[in-house]
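2 protein chains.
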Amino acid sequence: MALAAIQVFPLSGLPEIKPGDDLARLIVEAAQNADFVVAAQDVFVVAQKVVSKAEGRIVKLDTISPSERAVQWAREWGKDPRLVELVLKESKRIVRMAQGVIISETKHGFVCANAGVDVSNAEVGTAILLPADPDRAARALLDRLEKIYSAPLGVIIADTFGRPWREGLVNVALGVAGLAPLRDYRGKTDAGGKTLQATVIAVADELASAAELVMGKADGIPLAVIRGAQLAFGSGVGRDLIRPAEKDLFR
Amino acid sequence: MALAAIQVFPLSGLPEIKPGDDLARLIVEAAQNADFVVAAQDVFVVAQKVVSKAEGRIVKLDTISPSERAVQWAREWGKDPRLVELVLKESKRIVRMAQGVIISETKHGFVCANAGVDVSNAEVGTAILLPADPDRAARALLDRLEKIYSAPLGVIIADTFGRPWREGLVNVALGVAGLAPLRDYRGKTDAGGKTLQATVIAVADELASAAELVMGKADGIPLAVIRGAQLAFGSGVGRDLIRPAEKDLFR
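Taken in sequence, the protein lines are chains A and B.
Counting along the first sequence from 1, when you hit position 132 you're at 132 in this note's numbering, and nothing is skipped either side.
Counting along the second sequence from 1, when you hit position 194 you're at 194 in this note's numbering, and nothing is skipped either side.
Be careful, since some hints might not be right.
Any copy, or any two copies together, can satisfy a pair, since identical chains are not distinguished.
BS3-like cross-link-like pairs, simulated, lysine-lysine; straight-line CA separation at most 30 Å [stated by the list, open to error]: (1) LYS18 <-> LYS92; (2) LYS107 <-> LYS247; (3) LYS188 <-> LYS79; (4) LYS79 <-> LYS247; (5) LYS188 <-> LYS147; (6) LYS18 <-> LYS89.
Treat the hints as calculated values from the structure; they're not laboratory data.
None of the values given here were measured: they were computed from a predicted structure.
Isolated chain A, as found in the complex (with noise of 0.2 Å):
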């Protein structure tokens, strides 16, 4: 039996992102320089960051107010407490607070540590927070780049979250288009005819774990494309792959 490999290519080239850039053009002539030839159900996984910073996802930390809580936790933990009050601004709720981490759901619904703002790969004095809406985003890359190559495609949005019981961040898909970010092997069978129960594997999610592989924190590389993993293809939004407070045993 013929098994199908996966390609996961790095994209390098892309230039620094400005607010207001045409992402899908850049990609496209980072993509022009690469040695292979994007083909239909390529899956483009993109940094969470240059997404954000071509809609001016940017923040001034002087132009910021830190409140009495944000300037008490910054001094007890040696935090800046303008970058604090970010935080806490951009959380709707705090899950921990604790050790000088904090972990809170954003407006979007991730639970991650800081609610996503981040100041490395940022101007000194500033700070990125996460895209407006991650699936908009992907969504909106998806129908430029399937309109260049004319070839149905994937997108991914992608950051790095951190884990409860878990030493180290994995890449998580914050925002997808293209492509359905769940498997349900529920109802299946398996290798032994039993009826498989409970399992929903978050494709996407890996997806942007393999992507990270080749992405590089260090080496300005925000850019990946996936050849060859069988995915279902069409629809699906990343906000499906946020478990609904209902079914949430951590709150």
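Place chain B on chain A using the hints.
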């Protein structure tokens, strides 16, 4: 700049594994029929279940006498009381027991649903436990494979785990040998020359997730080989991915 792509090859042809089977030999035989040739620094990702089966970590449910607690929980949630008892016995700490779901810490230190006890891809009337020591199993497999192939390799023993706040399971690394499971960017600089903080990536988990994309629960493909990932080969163990209790904000 030429950047290396990563390839993820599925490996089919592994027979149904029985207790005492020589897993290394069976993997090598499966690889002989693959359409790629194993090379130095290839990473073998092996589903936990075949390792457990080879170790004989199979429990006949009719040997289990359920405790009153197990009987009560099973009645409340429509579960098999023997299976519930087995989950409780494999747990050293219950993290959550709600909505019919048991999240616990296994004797190894993994926090997951049902202590990793699984009945899918198991014979009727039996359940499969996690490997006794996934790192030791990974090391034993690596030693055999490196000897056979006369090349440095990596081995990851993986299982699909759920996550709080996110829907769907992703494959993670339980046992690791031959590669560093964490990539540490702390002290390195970002594209703008600023020092990166708190960025440690769980590359072994990302490799496990990448492998899952070709493995497929229903298709009986418990093996994948990943080539081209820029990893620190040599030493490393999966238990370094387990967050120590004193850093756990979710106890």
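Here is how each hint holds up against the structure:
Taking CA atoms no more than 30 Å apart as the test, LYS18 paired with LYS92 passes inside one copy only; the shortest distance there is 28 Å, against 51 Å between copies. Taking CA atoms no more than 30 Å apart as the test, LYS107 paired with LYS247 passes in both settings, with 18 Å inside one copy and 26 Å between copies. With identical chains, the CA atoms of LYS188 and LYS79 are at most 30 Å apart between copies only, with a shortest distance of 20 Å across copies and 50 Å within one. Proximity of LYS79 to LYS247 under the C-alpha cut-off of 30 Å is restricted to the inter-copy arrangement: shortest distance 19 Å between copies versus 34 Å within a copy.
Proximity of LYS188 and LYS147 under a CA criterion of 30 Å is satisfied in neither setting, with 35 Å inside one chain copy and 39 Å between copies. Taking the closest pair of Cα atoms, LYS18 and LYS89 come within 30 Å of each other only inside a single copy of the chain (24 Å); across copies the shortest separation is 56 Å, beyond that limit.
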